[in-house]
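Engineer: Those sequence lines, one after another, are chains W and F. When the letters of the first sequence are read in order and numbered with the numbering used here, they come out as residues 37 to 150. When the letters of the second sequence are read in order and numbered with the numbering used here, they come out as residues 1049 to 1160.
No lab work stands behind these hints: they were computed from the structure. As the structure is a prediction and not an experimental result, all values here were calculated from the model. You may find that some hints are simply not true.
Stated by the list, open to error - Taking lysine-lysine pairs in the DSSO-like style, the calculated list, with each CA pair at most 30 Å apart, reads:
id : chain 1 : residue 1 : chain 2 : residue 2
1  : F       : Lys1089   : W       : Lys58
2  : W       : Lys45     : W       : Lys103
3  : F       : Lys1051   : W       : Lys88
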Amino acid sequence: DTAVSQTPKYLVTQMGNDKSIKCEQNLGHDTMYWYKQDSKKFLKIMFSYNNKELIINETVPNRFSPKSPDKAHLNLHINSLELGDSAVYFCASSHGTGVGQPQHFGDGTRLSIL
Amino acid sequence: EDKVVQSPLSLVVHEGDTVTLNCSYEVTNFRSLLWYKQEKKAPTFLFMLTSSGIEKKSGRLSSILDKKELFSILNITATQTGDSAIYLCAVEYLQGGYQLTFGKGTKLSVIP
Chain W
37 DTAVSQTPKY LVTQMGNDKS IKCEQNLGHD TMYWYKQDSK KFLKIMFSYN
87 NKELIINETV PNRFSPKSPD KAHLNLHINS LELGDSAVYF CASSHGTGVG
137 QPQHFGDGTR LSIL
Chain F
1049 EDKVVQSPLS LVVHEGDTVT LNCSYEVTNF RSLLWYKQEK KAPTFLFMLT
1099 SSGIEKKSGR LSSILDKKEL FSILNITATQ TGDSAIYLCA VEYLQGGYQL
1149 TFGKGTKLSV IP
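If we strip away everything but chain W, and leave its shape as in the complex, we get (with noise of 0.2 Å):
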């Protein structure tokens, strides 16, 4: 059973397309997120999210957004798909509301922009 699940695994579209991508979790945690990996390997955290917070790394553009329809689900919306969004996102969950709690993340979804 996979605990994180991410569709899609690989997404290709063209600059200025608007696309999502979902995220589910089966653990029953409290806390989901979001992070961007980078060609370099760099993982960056880019939204944590529980029932009662969104907190949201101010480095991040505002075409990026994040909707949660429940607890178990964080989905990512990217508005004007730019080049420099090409990575792999990741989506991750926990228990508890701290950032700093064991995370369990999903296997990615590979974007590129054309």
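With chain W fixed as given, assemble chain F onto it according to the hints.
Structural biologist: Then chain F, alone, in the frame of chain W:
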């Protein structure tokens, strides 16, 4: 300026060797330090450290935190080819809210 610095950036060792990976940090209001292992896909959690001087151990891996000198080490004894991965260090701290910053990782390659 990087708040979390890992060294070395890459390392090649032979099976059976012991390795020590370093993670130093420069943050105020430190809360925790976490180690992750990333092979081909998702990072997987290894250790969470909050107190100085208390070693966490899991099989051949161990880690310890020094809050005075602001660093942590991850030791791997009797390395195996399956230990080849990128090892990531992350630090949680309080700065206008809870923040989590990852280091750039150490790429470990274990050759037979």
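Engineer: Now, for every hint given, state plainly whether the structure supports it.
Structural biologist: Status of the hints after comparison with the structure:
1. F:Lys1089 with W:Lys58: Holds, because 17 Å separates the two Cα atoms, which is no more than 30 Å.
2. W:Lys45 with W:Lys103: Holds: W:Lys45 and W:Lys103 sit about 19 Å apart, inside 30 Å.
3. F:Lys1051 with W:Lys88: 28 Å, holds
Taken one by one, the earlier hints all hold for this structure without exception.
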